[in-house]
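> Sequence:
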Amino acid sequence: MTKTIKQISLFAENKAGRLLKIADVLGKEGINIRAFTIAESGDFGIIRLIVDKPDQAHDVFKKEGFTVSETDIIGIEIDDIPGALRGIAALFANGNINIDYSYAFIGRNQKAILIVRVSDLEGALAYLKDKDIHLLEISDLL
1 MTKTIKQISL
11 FAENKAGRLL
21 KIADVLGKEG
31 INIRAFTIAE
41 SGDFGIIRLI
51 VDKPDQAHDV
61 FKKEGFTVSE
71 TDIIGIEIDD
81 IPGALRGIAA
91 LFANGNINID
101 YSYAFIGRNQ
111 KAILIVRVSD
121 LEGALAYLKD
131 KDIHLLEISD
141 LL
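Under my numbering, the letters of the sequence shown match residues 1 to 142, in that order.
Derived by calculation from the structure, the hints in this document are not laboratory data. Every residue, glycine too, gets a C-beta built ideally from N, C-alpha and C. A few of these clues could be false.
Once the Cα atoms are required to be at most 30 Å apart in a straight line, the calculated DSBU-like pairs of lysine-lysine come out as [to be verified]:
1. K53 <-> K28
2. K63 <-> K28
3. K53 <-> K129
4. K3 <-> K62
5. K15 <-> K62
6. K28 <-> K15
7. K53 <-> K6
8. K53 <-> K15
9. K62 <-> K21
10. K6 <-> K28
11. K129 <-> K3
12. K63 <-> K6
13. K3 <-> K111
14. K21 <-> K53
15. K111 <-> K131
16. K62 <-> K28
17. K3 <-> K131
18. K53 <-> K63
19. K63 <-> K21
20. K63 <-> K3
21. K62 <-> K6
22. K111 <-> K53
23. K21 <-> K6
24. K15 <-> K63
25. K129 <-> K6
26. K53 <-> K3
27. K129 <-> K111
28. K6 <-> K111
29. K131 <-> K6
Taking CB as the label site, the calculated pair distances span [unchecked claim]:
30. S139 <-> D43: 36 to 42 Å
31. D43 <-> T71: 20 to 26 Å
32. K131 <-> S41: 30 to 36 Å
33. G17 <-> D80: 33 to 39 Å
34. N32 <-> F11: 19 to 25 Å
35. A16 <-> R86: 35 to 41 Å
Working from the sequences, and respecting the hints, build out all of it.
Next up, the structure:
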């Protein structure tokens, strides 16, 4: 079983009230946000979310008229200490794994959670498993 996390991505106009609309939709559906990031590109932005019910979130956002997609990403738990990111970055570099984008947050037990989207998901998963890296599933973030 491969360990990945489903991420919801929304393409949205960069205008006041968009985040409120997204929060309203999720709140009304009882969907909890575990992490999110917003990347802007002029008049539009990409809002990436990790939620406890990704399939339901995808469906409700589509129904509400959002441009939405689901992506499998990798979640890695690392120690929240100076130099921990360097160790993971070196591992990715040594494995010739290209990171498309990444974001991080603090999870349970004061561990850092690194979210990465990579070019070759299956290759990266096999490589990281071989290196005994602790990969996460959505249940690890609830």
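> Go through the numbered hints given earlier and state which of them the structure violates, listing their numbers in rising order.
none
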